[in-house]
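A.B. asks: Sequence:
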Amino acid sequence: MEVERQILHVDVNNAFLSWTAIERLRKGDSVDLRKIPSAICGDENKRSGIILAKSPLAKAVGVVTGETVYQAMKKCPNLELCSTDFKAYQKHSDELYDLLTEYTDVIERFSVDECFLDMTNFLMGDTLLAKAHEINRRVKNELGFTVNVGVSNNKLLAKMASDFSKPDKIHTLYPSEIKNKMWPLDVSELFMIGKKSVPKLNKMGIFKIGDLACFDKNILIKRMGKFGKLAWEYANGFDESEVVAVREKAKSIGNSITLPMDISNADKLESILLALVEQVTFRLRKENLFASTISVQLRTKDFKDFSHQTKLDTSSSNTKEIYEKAKIVFREMYKENIPIRLIGFRVDKLSDTDEQISFFDPNKKENDKLDKALDSIKSKYGYMSITRAGELNINEYLKRK
DNA sequence: TCTGGGGTCCTAGGACCC
DNA sequence: TCTGGGGTCCTAGGACCC
Numbered sequence: 058m059e060v061e062r063q064i065l066h067v068d069v070n071n072a073f074l075s076w077t078a079i080e081r082l083r084k085g086d087s088v089d090l091r092k093i094p095s096a097i098c099g100d101e102n103k104r105s106g107i108i109l110a111k112s113p114l115a116k117a118v119g120v121v122t123g124e125t126v127y128q129a130m131k132k133c134p135n136l137e138l139c140s141t142d143f144k145a146y147q148k149h150s151d152e153l154y155d156l157l158t159e160y161t162d163v164i165e166r167f168s169v170d171e172c173f174l175d176m177t178n179f180l181m182g183d184t185l186l187a188k189a190h191e192i193n194r195r196v197k198n199e200l201g202f203t204v205n206v207g208v209s210n211n212k213l214l215a216k217m218a219s220d221f222s223k224p225d226k227i228h229t230l231y232p233s234e235i236k237n238k239m240w241p242l243d244v245s246e247l248f249m250i251g252k253k254s255v256p257k258l259n260k261m262g263i264f265k266i267g268d269l270a271c272f273d274k275n276i277l278i279k280r281m282g283k284f285g286k287l288a289w290e291y292a293n294g295f296d297e298s299e300v301v302a303v304r305e306k307a308k309s310i311g312n313s314i315t316l317p318m319d320i321s322n323a324d325k326l327e328s329i330l331l332a333l334v335e336q337v338t339f340r341l342r343k344e345n346l347f348a349s350t351i352s353v354q355l356r357t358k359d360f361k362d363f364s365h366q367t368k369l370d371t372s373s374s375n376t377k378e379i380y381e382k383a384k385i386v387f388r389e390m391y392k393e394n395i396p397i398r399l400i401g402f403r404v405d406k407l408s409d410t411d412e413q414i415s416f417f418d419p420n421k422k423e424n425d426k427l428d429k430a431l432d433s434i435k436s437k438y439g440y441m442s443i444t445r446a447g448e449l450n451i452n453e454y455l456k457r458k
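If you read the first sequence in the working numbering, its first letter stands for residue 58, the second for the next number, and so on.
Among the hints, erroneous ones may be present.
[To be verified] Straight-line C-alpha distance at most 27 Å; calculated DSS-like pairs for lysine-lysine:
(1) 236 x 260
(2) 306 x 325
(3) 286 x 253
[Claimed, not checked] For each label pair, taking beta carbons as the anchor points, the in silico distance ranges come out as:
(4) 273 x 159: 45 to 51 Å
(5) 61 x 381: 18 to 24 Å
(6) 312 x 231: 41 to 47 Å
(7) 381 x 138: 40 to 46 Å
(8) 85 x 318: 35 to 41 Å
(9) 190 x 345: 40 to 46 Å
(10) 243 x 284: 53 to 59 Å
(11) 246 x 343: 37 to 43 Å
Calculated directly from the structure, the hints in this document are not laboratory data.
Beta carbons: idealized from backbone N, C-alpha and C, even for Gly.
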């Protein structure tokens, strides 16, 4: 007989906004962003002006995450706008993680503002709910922001629970409570049911999570494949997945950029591609990984996405080698004069060992040496201290607005 | 003044082999 | 003068998450 697992999901309320608010208060600002209509957003000049987080007062007048700043300002003309500060977010995220390590060894950092805790072997005579309250209280007192805590026997239910009413709340969602607490919710509230799935489910007469749970599983599988099975299991609160304490190595690494203006010149796009390849391979080498697949992504001005990929002859983390291949892929897919809004580069199928076949390539050693030299300068003096030509270009574009 | 960036996973269809 | 059927590998695209 298996022991029932004891799982918590800790979710920072309004993470980006709360953390920005704390930073500003510390710098002597007298206004608490959490108490006025405010939002964290991208830069409109860089054409990334969307709302990433909003305060409760902004939410109250209809501001939603993901909409454009322009739309948000129409709804709320006195909205206080703030830019992002990912360094600060990482710092607060680390503080939260450090505090949580006092409670269990089995913690999964699900995102910058969410953690799963497997408390099964760490309750020490306390109840799971008591631990949830303690964590909630300590984070508030010691770190200065609030969290929701979801309490249950598996990750899915704990996560659904932490999403109930906010902020600063603790909710349980044990299997016996599913029918009352989860089934009446709109099916779109279920984890993994996104905006493309909702209309499909609605067409089948499924509107509430309960409808999905009671629907014929086999028909769902027939119509939606593996995803149908997963959706049905989630609706019924089934989830066997483990809390994974050690982060697995990345499976892919990529960077992309929305260009400040559409570009339809292949040479210009190529120089930006070089900058992206340089960043991605730098990250790759930092993790001691080698890629065997690369892909280039393009988005046209009317938001059509295209991607092309190819395998490398041997796995590599070398900037020049990978860039040469990326260029070929790019030239294959790009038709001159099509205005491009976004360009992205990604490496896949990562491994920790170099296959070393290009041992025969006399240039390889030199290329690797160059990468190493540039990397150490970047690590010492900052990434921007030294770059290849394309990098300078990309910054020019960004500055020009 | 339309619409970010970084990931993971799944699927359909084509190429190729026996 | 019709057009098998498995299996595997690969690519492009898409859905979802935060």
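A.B. asks: Does each hint hold? Answer for all of them.
C.D. replies: Evaluation of the provided hints:
1. A C-alpha spacing of about 23 Å is found between residue 236 and residue 260, which places the hinted pair at or below 27 Å, so the restraint holds.
2. The hinted pair formed by residue 306 and residue 325 fails the criterion: a straight-line CA distance of about 33 Å is larger than 27 Å.
3. Taking the CA atoms of residue 286 and residue 253, the gap is about 17 Å. The hint holds against a cut of 27 Å.
4. Checked against the hint of 45 to 51 Å, the C-beta distance between residue 273 and residue 159 comes to roughly 46 Å, which is consistent with it.
5. For the pair residue 61 and residue 381, the beta carbons lie near 55 Å from each other, so the given range of 18 to 24 Å is not met.
6. Here the CB-CB span from residue 312 to residue 231 is close to 42 Å, well matched to the stated 41 to 47 Å.
7. A beta carbon spacing of about 42 Å between residue 381 and residue 138 agrees with the range 40 to 46 Å that was offered as a hint.
8. In this structure, residue 85 and residue 318 meet the distance hint of 35 to 41 Å, their C-beta atoms being roughly 38 Å apart.
9. A hinted range of 40 to 46 Å holds for the C-beta pair residue 190 and residue 345, which are about 42 Å apart.
10. Between residue 243 and residue 284, the C-beta spacing of about 18 Å breaks the proposed range 53 to 59 Å.
11. In this structure the hint that residue 246 and residue 343 lie 37 to 43 Å apart at CB holds, the actual value being about 38 Å.
The structure fails hints 2, 5 and 10 (numbered hints given earlier, in ascending order).
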